[in-house]
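Top line first, the protein sequences correspond to chains P and X.
Heads up: the first sequence runs through residues 1 to 316, numbered per this note's numbering.
Heads up: the second sequence runs through residues 1 to 316, numbered per this note's numbering.
It is worth saying that the hints were derived from the structure and are not from the lab.
Any given hint could be a false lead.
No copy labels: a pair is met if it fits in one copy or bridges any two.
[To be verified] Capping the alpha-carbon separation at 30 angstroms, the derived lysine-lysine pairs in DSSO-like fashion look like this:
#1 K292 with K182
#2 K116 with K19
#3 K67 with K180
#4 K288 with K67
#5 K51 with K220
#6 K214 with K116
#7 K292 with K2
#8 K116 with K147
#9 K251 with K180
Computed from a prediction, not measured in an experiment: that's the story for all the values here.
Number of protein chains: 2
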Amino acid sequence: MKATAIAHPNIAVIKYWGKRDIPLNLPSVPSISVTLSQFFTETTVEWGSSKDQCTLNGEESSDAARKVFQFLDRVDADRPYCRVVSRNNFPTAAGLASSASAFAALALAASSAANKNLSPRELSLLARQGSGSAARSIWGGWVQWQKGINSDGSDSYAFPIAPQDHWDIRIIVAVVSDQKKKISSRKAMNLSAETSPFFQAWCDTAEEDIRIAKEAIQNKNLNQLGRQMEHSTMKMFGTMFATQPSIRYWKSDTLSILDKVETLRETGIDCWATMDAGPNVKILCLAKDAEKIQTAIDENCIVSHVLSAGSDARII
Amino acid sequence: MKATAIAHPNIAVIKYWGKRDIPLNLPSVPSISVTLSQFFTETTVEWGSSKDQCTLNGEESSDAARKVFQFLDRVDADRPYCRVVSRNNFPTAAGLASSASAFAALALAASSAANKNLSPRELSLLARQGSGSAARSIWGGWVQWQKGINSDGSDSYAFPIAPQDHWDIRIIVAVVSDQKKKISSRKAMNLSAETSPFFQAWCDTAEEDIRIAKEAIQNKNLNQLGRQMEHSTMKMFGTMFATQPSIRYWKSDTLSILDKVETLRETGIDCWATMDAGPNVKILCLAKDAEKIQTAIDENCIVSHVLSAGSDARII
């Protein structure tokens, strides 16, 4: 009645923004991501304990604990008290949303500890209910999370579209700010869906982004993938900007790095940028170019990490 | 057969982006602007000369001259040779598009020199054909340029919606870069209309921006006007970002100043930002707050100018 699981964070290359169902975390758009290898969340769940107890990175946090136990209620509404110990091998300030790896690891550890033998698809469906992007962190490598059409969310899960060793790609995470953002992505995306005049067009054009990106991944065409990733990113931020009140996560160094990425491309280095609900920039490039790019952007970063495609969530 | 005219540049508060007819400069959206007082273009046209001759800011520029003489052909297809001498009292690096004041002054000077007694509405229609935003610089103070529906453009002209002394407003122009932009607004807006998935929604929501901004100007409600101006601005940039390839005029200091404007607002100073096809920021505020705001933003500017609402184009 105890299990430990590991799951990795992921970066969306075709972005997720907006929900068609808020309580179930059903997305308004399909998305594609790449899972990252060097960073992970490790979570142990003890199914049956004297009381509900939750330790995250060595600390007891009541806010996070509430979300964790609500999630365990989804695994089993009649569950016993549980003990959860979770830690990330990366700092919060690493510029990566940890909720994806956290809920993927929790879904796997909790269902194993409860002796439920869930398939990866079932795990993806479960993890999604904790945090949308966690649906993708069940898988390593290149992953698609399909929007689905069912109102109960039963067809809104992720699946691999290429294995992790498919392509020797690097993702550079350029951290330009470690300040807490003013508005959470959860709140911001709901506000966008409600008030942005661009939200409908954002949704209507997502399938085409998926089609082009998927083709690019299958053909290992970084230029095609990068171009579509930047387009999806810029559409997402355009949708945010037009939200009322406007949502603007960028900082001045976000733009300095975008300028540098553009300059690097002009000098023949194939590299492409994306951002999520925050000011940090993630750069997609070939393994051979990673060091040169990291050097070029470093003066605008607090820290930068070079990561490769990661593996599936797993029991250890 | 010689006349000298003055016209002032203007800043759009409800933005112009995209054309429903490219050769005629008919806009896809209506816009509202405020004309600026301290800066102007002064243009002399001599109708009848030994050859076509054009001096801009003391220099003969063949590129600009071609546009000027094409414009004079619109005033009179059978015109004689003309001599045009034009100068701005502000440097190109002042962060203001000079084409608005330039074509407004040229329209007035040329039509006067040719002894055509045009009404302001006719002047606005004529100036528009040189540069869209020039339609608005015929008038001082607060000006609306209506989109019109006629295919010949006969109803796409500007008119005042409040006189220049209506409201003691200041416009701070914060210049963050004097580099030439990579893509002209003329090219960029056509590319947006062709490829941005947000262009239709941009057009569909413009009339509502006009209605709210007009009401705000009439009621001297800076909070309401500023909010709508920022929304119109963010929609315009969102539309640009989603253009393929993406159009991004902002520099890192553009964002630093936006952050400062937001911070100033949080401390109770009513100020609001807008940008055009470039990285410079224009801040709308009450006269009493202008100095404080200028001090707050100055470290991120090459130079900043505090301007007030300007007057009509006129013969001098």
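Okay, the hints, checked on the actual structure:
1. K292 with K182: Intra 33 angstroms, inter 25 angstroms, cutoff 30 angstroms: inter-copy only.
2. K116 with K19: within (28 angstroms within a copy, 60 angstroms between copies)
3. K67 with K180: within (19 angstroms within a copy, 51 angstroms between copies)
4. K288 with K67: Answer is neither; intra-copy 41 angstroms and inter-copy 49 angstroms both fail.
5. K51 with K220: neither (50 angstroms within a copy, 61 angstroms between copies)
6. K214 with K116: This pair counts as neither: shortest intra-copy Cα distance 33 angstroms, inter-copy 62 angstroms.
7. K292 with K2: So K292 and K2 fail the 30 angstroms test inside a copy (45 angstroms) and across (62 angstroms) alike.
8. K116 with K147: within (25 angstroms within a copy, 64 angstroms between copies)
9. K251 with K180: both (13 angstroms within a copy, 23 angstroms between copies)
Going through the hint list in order, the structure does not satisfy hints 4, 5, 6, 7.
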